[in-house]
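Student: Residues per chain, in single letters:
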Amino acid sequence: MASSVLRLVHKIREINERYSRPNIEMSRAVRLSLLALRLYLLLLVGLIVYKFVLILG
Amino acid sequence: MNLFSRIYYGFRKFWKAIQLYLVIAGPGLVVMVADNDAGGITTYAATGAKYGYNLIWFLLILIPVAYYVQEMTVRLGAVTKRGHAEAIFNGFGAFWGWFSLIDLMLVDWLTLVTEFIGMTSALGIFGVPPWLTVAGVVTLMGTIVLNGRYWTWEKIALLFCALNLIYIPGAFMVRPSVSDILRQGLVPNFPGGLNGDLFFYLMANIGTTIAPWMLFFQQSAVVDKGMLEKDIPWGKFDTFVGSIFTVVVAIFILIVTGTVLKGIDIDSASQAAEHLMKTDRYVGTFMAIGLFDAGLLGAICISLASSWAFGEIFGWAHSLNQNIKEAPWFYASYFFTLVTAGLVVLIPGAPLVLITLFVQVIAVTLLPAALVFLILLLNDRKHMGDYCNSVTENVIGGLIVVSIVLLSSLYGISVMFPSLFQ
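Protein chains in written order, with my numbering: chain A, 1 to 57; chain B, 1 to 422.
These aren't lab readings, by the way, just hints derived from the structure by calculation. The structure presented is a predicted model; accordingly, all values stated were derived computationally and were not measured. Beta carbons: idealized from backbone N, C-alpha and C, even for Gly. Check the hints yourself; a few may be wrong.
Just some of the chain B residues that point at chain A, by a computed CB distance under 10 angstroms [what the hints assert, rightly or not]: (1) Gly91; (2) Leu198; (3) Phe199; (4) Ile362; (5) Val372; (6) Arg381; (7) Gly385.
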């Protein structure tokens, strides 16, 4: 069991290393799109968390 | 050459084209028909029961929407030979890659639960206990994938796609008024005005037309099928046929419930089938069989979308052309998602309604990201070369993506905060 977990952790590290840098050309449009996506997701996650707080309350 | 010879050669040419299409047909048609899954059937049945034929025009608009989004996955898959998950990891790095993969896993698993809810409730109408439905479906799906050939899997999936046409005779049997369909359905209109209720239904119909798993599924299927750049025109045609097929089926469902159940509040497709049984036993039976088929087809594709994505990233063998010994992790993840999702439906008192709503909310977090990545990857000239998006494709694709992102986000918010749209 422990060795399986270790192997999984090792594999995840390997994947992180393999894809550590984006291979797409990071033009201004790409950077802006990714920034907009980050903001959008933060807003959405905020709303989901707020909803769960409401349900729990 | 006389007239008969010309007709004969014309027919032969046409028949050869059909034969060629049947060889190439697959990912586009399967993904589009599977899009009419248990949740989709419920949405169309409820839309018809609520607004009759009035929103048929809106479904027709969804043909180009579905086509333009999905054809991009054909080009991306055929050119890069990578599935969508791997393309995101490679293009945008590990952060966005893990975000997409984990989100996809969650959305797929929850959607799979809703497919099992649809299938058990459909067969429940015929007195089949849920445990038997779950066991039967898992066995059937296991048999389909374990034959070790993509081609066989695809042709079996296409057979289930054909069963989706069962709604068409059902629509003829309820004898709708053709003039009413043409008059009310084909002229754009907003029955009762553009209020919150109608807006919710429009968003739900868009939400069922483009789902995140479809992007991942079709791109991986294109890669697994071994499609090359030269096959792209056929892949596009396959996607176009699929987008027409899926909307036609949706329209016939609308016609059935719009004719028989107009004015009745419908919460699920199985409830619609039960109501229809009271009017016409055969039409109700067709609706129930169609719902089961929709759930099954959805389950077949969704479970594969996850397994392909995991295989691509973890470097496991992940092709349907490999048997269980050659790709053990691929099949293990396939059966794990399938069996666990099936078991949830069997838990007494499981919050199935909450799960159904949760799927819609979580899907909204993945869909915009997947669509934005798709457009950006299609503009990456370094990898896409001549198959890069043209300016026109960017304008059309961009408009569609922005509209879908806005509407699906509003839909997700309306599911969380229903009072905002009343």
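Student: Indicate, hint by hint, whether the structure satisfies it.
Tutor: Results of checking the hints against the structure:
About 4 angstroms separates the beta-carbon of Gly91/B from the nearest beta-carbon of chain A, less than 10 angstroms, and the hint is met. For Leu198/B, the interface hint is violated, the least distance from its beta-carbon to any beta-carbon of chain A being 23 angstroms, above 10 angstroms. About 18 angstroms separates the beta-carbon of Phe199/B from the nearest beta-carbon of chain A, more than 10 angstroms, and the hint is not met. Of the supplied interface hints, the one on Ile362/B holds, with its beta-carbon coming within about 8 angstroms of a beta-carbon of chain A, less than 10 angstroms.
The beta carbon of Val372/B comes within 5 angstroms of a beta carbon in chain A, closer than 10 angstroms, and the hint placing it at the interface holds. Interface restraint check: Arg381/B against chain A, minimum CB-CB distance 8 angstroms, threshold 10 angstroms, status holds. The interface hint given for Gly385/B is broken, as the beta carbon of that residue sits about 14 angstroms from the closest beta carbon of chain A, more than 10 angstroms.
Checked against the numbered hints above, the structure breaks hints 2, 3 and 7 and satisfies the rest.
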